[in-house]
Structures are given as C-alpha cells and as structure tokens.
Amino acid sequence: MEPQANSVRLKTMYEKMVLIRKFEERIIELVQEQGRIPGMQILANGQEAVAVGIIEALKAEDVIVSNHRSHGHLLAKGADPKHLMAEIMGKATGVNKGKSGTLHLAVPEVNALMTSTVVGAGPPLAAGAAFAQQYRNEPNITVVFFGDGAAAEGSVHEAMNLAALWKLPLLFVCENNCWAGAQSYAQHCSVGEIAQRGIAYGMPGEFVDGNDVKKVYALALSMAEYCREGKGPALIEAKTYRMRGHGENDHQHYVDKAELEYWAKKCPIRSLKEKMLKDGIVTENELQAIETKTLAIVAEAVAFGDASPFPLAKEALNDVWA
Amino acid sequence: MAQLSFGQAVNNALDLAMNMDESVFLAGEGVGISIHYDPNMPSHGLLGKYGPKRVKDTPVSEAAIAGLAVGASCMGLRPVVEIMFLPFITLATDMLVNHAGKLQYLSGGKSTFPLTVRVKAGVNFAAGCQHSHNLEAWLAHSPGLKVVFPSTPEDAKGLLLSAIFDPNPVIVIEEMGLYWGKGEVPEGDYRVPLGKARIALPGKDCTLVSYGGATHTAIEAAKILSKENISIEIIDLRTLVPLDRDCLLNSVKKTGRLVVLHDATKFGGFGAEIAAIVAEDAFEFLKAPIKRVAAPDIPVPFSPTQEKFYKPNADMVVDAVKSILN
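From first to last, the protein sequence lines are chains A and B.
The number in my numbering is simply the position in the first sequence, starting from 1, with 2 added.
The number in my numbering is simply the position in the second sequence, starting from 1, with 935 added.
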C-alpha cells in the first residue's frame, strides 16, 4: 500500500465514508418512524474518517475488535450492508440471526471478530486475538477501536501493559469523540492527549486529526507496519467529534450549539469532497454517481431487512452452547 | 493406573493436553515460575517442558488474563488460564460473564470460545475471606459457562481434559486443600464427560448431594451413619453446569430423602437449586423435607476456631440426615 493515499484510494475512502453516513442517516429515519427498528441506536455520524482511514490501511486478514459505536467499522471492514441492516432490525437473516442487534455485531467472515458494548472490554479481548496471531506466527495484526471514555477503564490499562510486555501485534485506536456519555473530555480524562499514555507502556502513541481521512490512513499504515514487524503494540488517538448524542434517545441538551456548529464545519466527508474537487481528483458527476450508488446500497439493505422475517421466539434457546 | 496426588493429576492432564494439541497454552500468575516449588502444584515443571511460548506467566491482571483467553479462543486456540483464587475471579467476571458466556450467543453461533479457566478454591487455609470464598453459584447462574468442581484425583484429570477439549468456556474449580491427597488415576488420555455425576457411595435411606472437597465430608458422615445401619447414597455432582438431573432425580426417587451439602454459604447457594429441582420434579417421592447443610451467611472468618466453625462438618450432616429419617 502506498504510504500516502493516492487519488484512487482517496475516492475509495470517500465512497466508503459516504456509504457509512447514508447507512446511519437511514437508521435515524427508521428510529423516527416508530416501531421500524428496535432498541437504542448508537451512531458514529461525524466519525467516519477514523473507521475508514484505519481499516483502509489494513489487510483483509487483519482482525478488528469494535465497540458499541460499530457500524462504520464493520462496513469499512467489508460487512454486507444487507445482513448488517437485517441484524440491526432484529431479523433472522441478520449477520448474527437477530441475537446481537445493533450493539454486539460480530462478522467473523470479514475478520470483524468481536464487538463488545461493555466500555473498555475490547482491548483485553483484542490482546487475546493478537496473542493468537503471534502464537501462530501469522503476519496479521489486530486493531481495537475504543473511545475516550473507555480509556478510563482499568481493563484498557491491563491490556496495554500485557500487549506491550508481550510485544503483541495490536494497534490500539482511541477514537476520541470528545464525549463519554454526557461528560466532556475535560470532565473525564486526566491528560490532554490519550496518545501520551503510550509512553507509560513503552509503546508509540500518536495523535491525529480524526476528521482528516488522509492523515488517519497515513498514520495507520505506519503504525500497522510497526505492529506487523513484531515491534509490539502501538496507540493512535484520533480526535473527532460525536455529532449525535450517545444514542438516538440523547438529544444533547448539554452540548454547546457553537461547538456542534464548529465540528459540523469540520465534517470529514465534506472536507474531503471539497479537497478532491479543488485538487481535480474527482468531478461533480463522479460525486453524484457515488451518492446514487450508496443510496441504492442502503435502500437495498433496508428492503432486505424489511422483507426478512423475525426469528422464531423459541430460537432464542439456541446458540448458547457449541 | 497410577497413584497420584490431586495436584499431580491436574498436572498430568495439562501435560497430556499440551502434548496432544499445539493450540493449548497456559497463562496466569505464576503458572510458569511459582512462589511454590512443589510437584503437587498443577503447573509444576510445565514451563521447563514446553517453554515460555506455551506457558505464559502474566502480570497481576485478572481481566487481561480472562480477556486473553476469550480473544485467543475466538481465534481457534485452546487457552487454559489460571485465576489464582476464586474470590479474585471477581476481577475477571466481566470477561467471563459478559464475554466468554455470551459472545457465542450474540454471534448467532458463528463464534466459539473453547477456553478453560482453572481456579483454586476452598476454606481451611487460614487466609481469610478474600482468598476463601466459594462463588460457584455465581458462575453457575451465568448462562454460557460450564462449571466443574472435582473431588478426586481421577476426576480432576478426567474432567480437566474434557474441559480443555470442550468447545465451550469451562470454569474448573480446584479445591486447594485436596492438592496433596492421593488416589488412583487412569493413565493416558482419560476423560470424564462433563455433565455426568458420580455415585460416590450407593445407599438406600437418604440421598446426600455434594461436590468438591465437601464430598469428603459427606463420605465421613456416611461412615458414621453406617454404624447405625443408616445407608446413605452420596452423589458427587462433579459438574454443576450442565447438571446431571437424571442422576439426582433417580436417586431421590429411590431413597425418598435429600440432604445437600456444600462449603459455600447457604442463602442463594447451589444447594438451593438442587433442592428446587427435586421439589419441582420429584416431590411425590419425598418422604421428608429437604435439608441443606452449608456455611453460615458470613464471610469466611480467619481465626482457626472460627474458620472451623464456618466449614460444615460430618456431624452437621449426620444431624441433618437423622432429622429427616423418622
């Protein structure tokens, strides 16, 4: 992979980001149409550049471990939007037969190995996956996505210590979206940059503008290479912003409107689009084609979910044991 | 057959599993280099034999140890990790309860977690309640986790080998006080199936259900009662989850009486589940009320007089049996 995203890759990443945005915007509509979708939806609107920039720098065989804000990670890793949407709707055709719903999606066929909604649980699980890769001398790495809120969990620190001690091929990606529930970063974190904590575990820690997919991609590529070479784990802090509430039932009454407007202007998709147009990488026609194509994919996913049956109630008894 | 201590039997099972399957590895605090240098400790000598790639001493990080097992098992390895003492499992319970026990279900059956957690338990080693606290009922109450609690060297080996090669997460509770006690142990790849109880002593007057170290208290009580021509049938559960309901119910249908014994506290203990199953499914066979013999609902005390008071003894079992005989 080229160390700096070339124009083809930029367009690819743009399309993936647009797909994620459209997919989640459709979920917002479904939430608002009462009864269309069960449970609380947790969206990553505004954070698409982190998911896409990191995962674009990986190989298909590399493993990811995600968290409650997972849709973008999974779509970027190649999960089928139809079966993903069906799962979010609780349908039998979902990637996990309706057992997971939106919160714990596992798509092992694309190496999206595990998702945990217990905040901070991902890193120890990912250490286990990375250990398996090291144990079998595989040339692959594991990436775990966690939030700035999770960085306060003891399990994250235990995992960082173990991964650094054993030089596991594990890339920690702290997706700092400035909020842990209704608590701002300043209210819940003891350091200015979580990336600084890399030093405490003897691993490189780098801060990046998480709304700039080109920068995220370039850093992820070099950090993934570091992990792949057997030098041990690495930590990326990608600073971005949670444009919606913690979940769709959170209307952000505690958020300063000016702050939301500031970050809206830094929208990773719009920034990339403007940059590509300015640099002559993409034409308005191509952008329109991407818009049409991604909307069609999302429409097809929703139609597939709608047409799919719910699982039988008694099937709740299955899948506890192997 | 060989005469082995319980600890040696566990060691033998670990050795065989590692020898048979390259995907088996050990991890935990002191599983390689231990503060104890004793051939009766379960992982004794395995670091020297299999090396540090497969016998991993870990930092003091129970959540990371359990997470390591969950993540590595999802990738197809067969981790056998150790949590030093059962009360310390509280530090690993998120990984075990929310992840080991649930991720297969949440994946719709796509992922499996063939991991084993070995953990030392028991009362009577004067360490107080943060080292002694039998939490098996907590674990048994969590769907998706199998729970094994052997009482003899033979079962310690056979159940552990079954646990390691089971496709599900299994918690194997080892009563530390039993490590040095010897018994006949079959050689080679000997397995005791999970979910099968053992009739430790056949009898006709009363069923006495127990597991782990308390089984030895049960045997002691049965000897006392036999002198008075009272015949006790002892069921050693061996596996709490999945539970051998048939063995339990068949015995109670035969004897018409049930006493349940465990070293854990009584309120909400595993004995309550045994009593409830019998009350639901064999009530018409009961000739007398069900009795539970268990520890008082207090933390395990330290002082020798009080620790002895805490642990249910044979006399208490004898009294319980006699109270329902006539």
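To be clear, the hints were calculated from the coordinates, so they are not data collected in a lab.
All figures in this text were calculated on a predicted structure; none of them were measured in a lab.
All C-beta atoms in this analysis are idealised placements derived from N, C-alpha and C, irrespective of residue type, glycine included.
Please note that the accuracy of each hint is not assured.
Stated by the list, open to error - The following residues of chain B were derived to be distant from chain A, with all beta-carbon distances above 12 Å: (1) Q938; (2) G980; (3) P1049; (4) L1221; (5) P1224.
Unchecked claim - What follows is a list of derived Cβ distance ranges for each label pair: (6) V995/B x N139/A: 50 to 58 Å; (7) A318/A x F1202/B: 25 to 33 Å; (8) V322/A x D992/B: 28 to 36 Å; (9) E140/A x G980/B: 49 to 57 Å; (10) A62/A x P1234/B: 25 to 33 Å.
Here's how the hints hold up against the structure:
{"no.": "1", "hint": "Q938", "result": "35 Å, holds"}
{"no.": "2", "hint": "G980", "result": "21 Å, holds"}
{"no.": "3", "hint": "P1049", "result": "7 Å, violated"}
{"no.": "4", "hint": "L1221", "result": "30 Å, holds"}
{"no.": "5", "hint": "P1224", "result": "33 Å, holds"}
{"no.": "6", "hint": "V995/B x N139/A: 50 to 58 Å", "result": "28 Å, violated"}
{"no.": "7", "hint": "A318/A x F1202/B: 25 to 33 Å", "result": "30 Å, holds"}
{"no.": "8", "hint": "V322/A x D992/B: 28 to 36 Å", "result": "33 Å, holds"}
{"no.": "9", "hint": "E140/A x G980/B: 49 to 57 Å", "result": "30 Å, violated"}
{"no.": "10", "hint": "A62/A x P1234/B: 25 to 33 Å", "result": "52 Å, violated"}
Checked against the numbered hints given earlier, the structure breaks hints 3, 6, 9, 10 and satisfies all the rest.
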